[in-house]
Amino acid sequence: MTRYLFVAALLLIITGLSGCGKGPIESGDEAFQRQNYSEAIKYYLEAAKELKNDDMLKEKIATTYFQEGELFYEKRHVIKAFEARVRMGMQYVPENPSTTMKRTVSNVYLKLAQAYRNARPENPYQQRKYFDQALKNIEKSLTHDSTNSAAVEALNQFREEHFQSLLEKGMASYKKAARDPLQYIAADHYLTNALKLDPENAEAKRYRTLARKKSLNLLDPGMDVPIAVTDQMKNEEYTAFLVVTYNLLPEPLYVSAGHFVLVKENGEEVYGKTSGMFSTPLEGKTIANGSETAGVVAFPSSGNNTFARLEFRKDGEVLGYKNLP
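Every letter in the sequence shown is one number past the one before it in my numbering, and letter 28, counting from 1, is 28.
Wrong hints could be hidden among the right ones.
Estimated spans, in silico, between C-beta atoms of each pair [stated by the list, open to error]:
#1 Gln127 with Met233: 17 to 25 Å
#2 Lys234 with Met56: 35 to 43 Å
#3 Val318 with Lys52: 24 to 32 Å
#4 Ser146 with Asn53: 44 to 52 Å
#5 Glu153 with Gly267: 21 to 29 Å
#6 Asn266 with Asn53: 14 to 22 Å
#7 Asp54 with Gln127: 38 to 46 Å
#8 Val152 with Lys285: 42 to 50 Å
Keep in mind that the hints were calculated from the coordinates and are not lab data. C-beta atoms are modelled at their ideal positions from N, C-alpha and C, and glycine is treated no differently.
Let the sequences and hints guide you as you build the complete structure.
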């Protein structure tokens, strides 16, 4: 009897050891094949503790986050959850990704674009946001893989479907703005997107510049944290803006100069600060829903100072912005 118990115990040990022989990457691969992406991520992240510089493993993690996001969207049609998984995955894309990884990233952004195109907006502001996100994600798709024929086709289709309509809506909004100044913001939006589809259109360029000048001091009610620029100052050290910040979030919002980012035409970013060189600097302050604060935000001058827009960011997310003429 003792002998049989010993053999049984030995078999259990051998079985256990054979299971222990499977590494976390192999376990992750098996979970991935079963479409159990959360489990696959768990195993891959465990492996990454020992293989911190393994680009192939990083690509596995990124791809798994993308797949998890796609699956979640297919089941529940929640774009925010899909987007969140894509953001997580992008954190693991290597600095020099493989050709396969570039195409994978390109395809996932294209799917995000399609998700926004299929979404049903509840109001005009949401419609504008969905349009912007669809076009933005097509652009990202092509940025990561300019040879992606599906993305090229999507952009061409977007151009055919929307350019003339955007131009006409932009011009109509500009004319209406004589009676309703908020239409300058709408004109900027339409003409900016028209120029993404036809960058050399002279009429769209001219009226977008005019619309941006007219809308600088207007708050956009379609944003969570609309901002307005009421004055601009410049010296050898700084470019500064007198900014009004309005809180449309349901919760109180802390506003400081460090929340503002000046984005240049070349994509370079300059973070805001306070400076004693200017009167009424923006002091850090918490404002309730429906309240505003104002003050001067200064940006250190450096190199090319051709600015595209001023953004208000919280935890890396753009909650409000003002396009600059």
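Consistency of the hints with the structure:
no.	hint	in the structure
1	Gln127 with Met233: 17 to 25 Å	violated, 37 Å
2	Lys234 with Met56: 35 to 43 Å	violated, 49 Å
3	Val318 with Lys52: 24 to 32 Å	holds, 31 Å
4	Ser146 with Asn53: 44 to 52 Å	violated, 28 Å
5	Glu153 with Gly267: 21 to 29 Å	holds, 26 Å
6	Asn266 with Asn53: 14 to 22 Å	violated, 30 Å
7	Asp54 with Gln127: 38 to 46 Å	holds, 44 Å
8	Val152 with Lys285: 42 to 50 Å	holds, 47 Å
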